[in-house]
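**Student:** Sequence:
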Amino acid sequence: MLITNLSPKNIKPGEILVVGDAEYQKWACFRCPGGCGESILLSLNLKRHQCSGDRH
Numbered sequence: 273m274l275i276t277n278l279s280p281k282n283i284k285p286g287e288i289l290v291v292g293d294a295e296y297q298k299w300a301c302f303r304c305p306g307g308c309g310e311s312i313l314l315s316l317n318l319k320r321h322q323c324s325g326d327r328h
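With the working numbering, the residue at position 11 of the sequence shown is 283, and numbering never jumps.
Worth double-checking, as some hints may not be accurate.
[Unchecked claim] Okay, derived cross-link-like pairs now, DSSO-like style, lysine-lysine, Cα gap no bigger than 30 Å in a straight line:
{"hint": "1", "residue 1": "K319", "residue 2": "K284"}
{"hint": "2", "residue 1": "K319", "residue 2": "K281"}
{"hint": "3", "residue 1": "K298", "residue 2": "K319"}
{"hint": "4", "residue 1": "K281", "residue 2": "K298"}
{"hint": "5", "residue 1": "K284", "residue 2": "K298"}
[What the hints assert, rightly or not] Pairwise CB distance ranges (calculated):
{"hint": "6", "residue 1": "L314", "residue 2": "A294", "range": "16 to 24 Å"}
{"hint": "7", "residue 1": "K284", "residue 2": "K319", "range": "26 to 34 Å"}
{"hint": "8", "residue 1": "C308", "residue 2": "S279", "range": "26 to 34 Å"}
{"hint": "9", "residue 1": "L318", "residue 2": "L289", "range": "27 to 35 Å"}
Don't read these hints as lab results, they were simulated from the structure. Yeah, the Cβ is synthetic: ideal placement off N, Cα and C, and Gly gets one too.
Could you build all of it, start to finish, from the sequences and the hints given here?
**Tutor:** Written out as structure tokens, the structure is:
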């Protein structure tokens with residue numbers, strides 16, 4: 273499904289917009305939970321966020 277009117281500026285507090293499709297999610301967009309209202313775009317690309325070490 274293509275939705276063209278969504279942008280990080282239109283996201284309400286408490287909502288998360290996931291950019292991608294059913295097989296590949298590229299970004300999560302949401303408002304700062306601290307209340308400042310800034311838009312946060314978080315990459316969901318696992319290759320870019322691999323941990324180097326065991327964190328258990």
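**Student:** Checking one constraint from the list: CA of K319 to CA of K281, max 30 Å. Satisfied?
**Tutor:** Cα-Cα ~27 Å, so holds.
**Student:** K319 and K284: Cα distance at most 30 Å?
**Tutor:** holds, 29 Å
**Student:** Taken at face value, is the distance from the CA of K298 to the CA of K281 at most 30 Å?
**Tutor:** holds, 18 Å
**Student:** Is the hinted range of 26 to 34 Å satisfied by the C-beta distance from K284 to K319?
**Tutor:** Given a distance of about 30 Å, which is inside 26 to 34 Å, the answer is holds.
**Student:** Could you see if the CB distance from C308 to S279 stays within 26 to 34 Å?
**Tutor:** violated, 18 Å
**Student:** Take a quick look at whether K284 and K298 sit within 30 Å of each other, Cα to Cα.
**Tutor:** holds, 20 Å
**Student:** Verify the CB-CB distance for L314 and A294 against the hinted window 16 to 24 Å.
**Tutor:** holds, 19 Å
**Student:** Is the distance from the Cβ of L318 to the Cβ of L289 consistent with 27 to 35 Å?
**Tutor:** The hinted range 27 to 35 Å is violated for L318 and L289, with Cβ atoms some 19 Å apart.
**Student:** When you check the alpha-carbon spacing of K298 and K319, does it fall within 30 Å?
**Tutor:** Given that 30 Å is the threshold and the Cα spacing comes to 11 Å, the pair holds.
Hint violations for this structure: numbers 8 and 9, all remaining hints satisfied.
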